[in-house]
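Okay, here's what each chain looks like letter by letter:
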Amino acid sequence: MSAETDAETRKTRNAWLLSTPALVLLLFAASGPLLIVLTYSFLAPGEYGNVVWDFDLRGWISILYTKDIFDGTYHLADAHLSIFWRSVKLSLMTTAVTFAIGFPTAWFIATRPPAQRAFWLFLITIPFWTNLLIRTVAINEVIRNEGLLNTFLIWLGVIAEPIRIIYTDTAVLIGMAYVYLPLMVLPLYAAIDRFDMRLLEAGYDLYASRGQVLRRVILPIVKPGIVAGSILVFVPSLGAYVTPRVLGGGKNMMIGNFIELQFGQGRNWPLGAALSMTLLCVVMVALLIYVRAANKGDNQNG
Amino acid sequence: MANRAFEVARLPGFRTIALTAFVLLYLPIITLVIYSFNAGQSVAVWEGFSLDWYAKAWENEAVKGATYRSLIIAATASAIATTVATMAALGTTRRKAFKGQTAIYVMINQPLMVPEIVTAVALLIFFASIKVATGYTGLWYLIIAHAAFCVPFAYLPIRARLEGMDLTLETAAGDLYASHWQTFRYVTLPLMLPGIIAGAMLAFVISLDDVVITEFVKSGGQDTLPTYMLGQMRRAITPEVNAISTVLLALTVALLTAFFLLTRKNDK
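Read top to bottom, the protein sequences are chains X and A. Residue numbering for the first sequence follows our numbering, starting at 1 and increasing by one per position. Residue numbering for the second sequence follows our numbering, starting at 303 and increasing by one per position.
The hints are simulated quantities; they were obtained by calculation from the structure and are not laboratory data. Since we're looking at a predicted model, the values are computed, not measured. Be a bit skeptical, because a hint or two may be false.
[Stated by the list, open to error] Derived pair list, reagent style BS3-like, types lysine-lysine, alpha-carbon separation capped at 25 Å:
| id | chain 1 | residue 1 | chain 2 | residue 2 |
| --- | --- | --- | --- | --- |
| 1 | A | 401 | X | 11 |
| 2 | A | 358 | X | 296 |
| 3 | X | 223 | X | 296 |
| 4 | X | 296 | X | 67 |
| 5 | X | 223 | X | 89 |
| 6 | X | 11 | X | 251 |
| 7 | A | 398 | X | 11 |
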């Protein structure tokens, strides 16, 4: 018995030894620095950026409140709130838009003959792996004032003047929906692929309409896939940096750009650090929901 | 039977939406590629085929430097990431669950979970203090940062390959008096090689494409192709950016096609 336990102990030690280089690398350049951010969020801002090593809660307080420069009272920071609201609103809208387009797309792929599915999936995965910046540049070419869309509409005679989409919230929404659509389609496809199509026959045999079958049979069963896809879209949308920067311009900031600002012109590293930690917490909660949904999906399958 | 199930699964309008989605997904990318060959300045008016923008980009010293740095960083970072990921995969797969297994998984997949902007800020702070302390401002900050976030992308295909492998071959090698090292060198390693190559290619693509972390970690004059493009976009976009995008795009698609062929072959 002890020989077997010894072998197990050795195997476990090997597992740790072999993983050590990866863990050291990640501790050094991924997880460890997060602790520094956490520490910095409790320090005082330096005059020219960086921090002063004094315990200070102003970083956290100024997420929501600004201090009046005249009488020193605190009130809600409207500018900050509008940035948070825009981030949440645009992320939720992106999730809704990608679901509205992504669900039919995933359904379409899952109902192709098996031999063709790989091809359609490949078409979805190519943009997924393509540089996010390139895709943002590409959508920019379409929606900007002299872009494809406006040129086409003017040529058609539908409009006389270009519609100004670029540097608005709509542009950011279009851009994020475009770049994150594959993240919605892939988990939805995985869920629909497991769906037993005979349930549809049963539904129709029992005189259900198409709408009823969709609402009462399909959607409840593929729900784990819907939750997974929604979170996979919502999480990167909330932390988006490149898309709002390129398509939203300087005015239509989201949290990601707001964080950057604190480390640049804003020169308020503690606030930037506190904002980063807040974003991280929100994302972690969303991912916990995702893990639970994914496990549920697996259980249903097994 | 199959046909009947097929009819039942049709939902009105879904096909139209799906096909539209595919068109919308590819139309911007195709436009970008086509207009990189446009003779004129405008991205809206077609003035004839030309390779001028490619020539312009090629002659641009900043682009040359950025290309060089992108390739050096991607090659070195993916090599490091693949090496440590291979070791970790060998350690963590094909065994009973062990103490701390979840901790290792969480740690390895951490870059997939933490928002990029948060990691970028963390590395900015951390590396800034190292820069002050050591005075070193070279490319290794970028290489280490890239290597770290590439680890899960290298790890996942290697682990998938290992888990699909036949354990009996290694047992057979042991029965034939091969040493542990010989078994690894002549049986395990060749068998897992497609997974390692696939992992390395994904890591390379991920490193090549990174914008956010690079933008925060780089010192002055250390632009990679994506951060150079991002900087250019502050001004008006010229077709030069389209030309660079097209080249990067071609490289990504080539690597991905190779990746898919490689992993598909594994399944057979």
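* Provide an ascending list of the numbers of those earlier hints which the structure does not satisfy. => Result: hints 2, 4 and 6 break, sorted rising.
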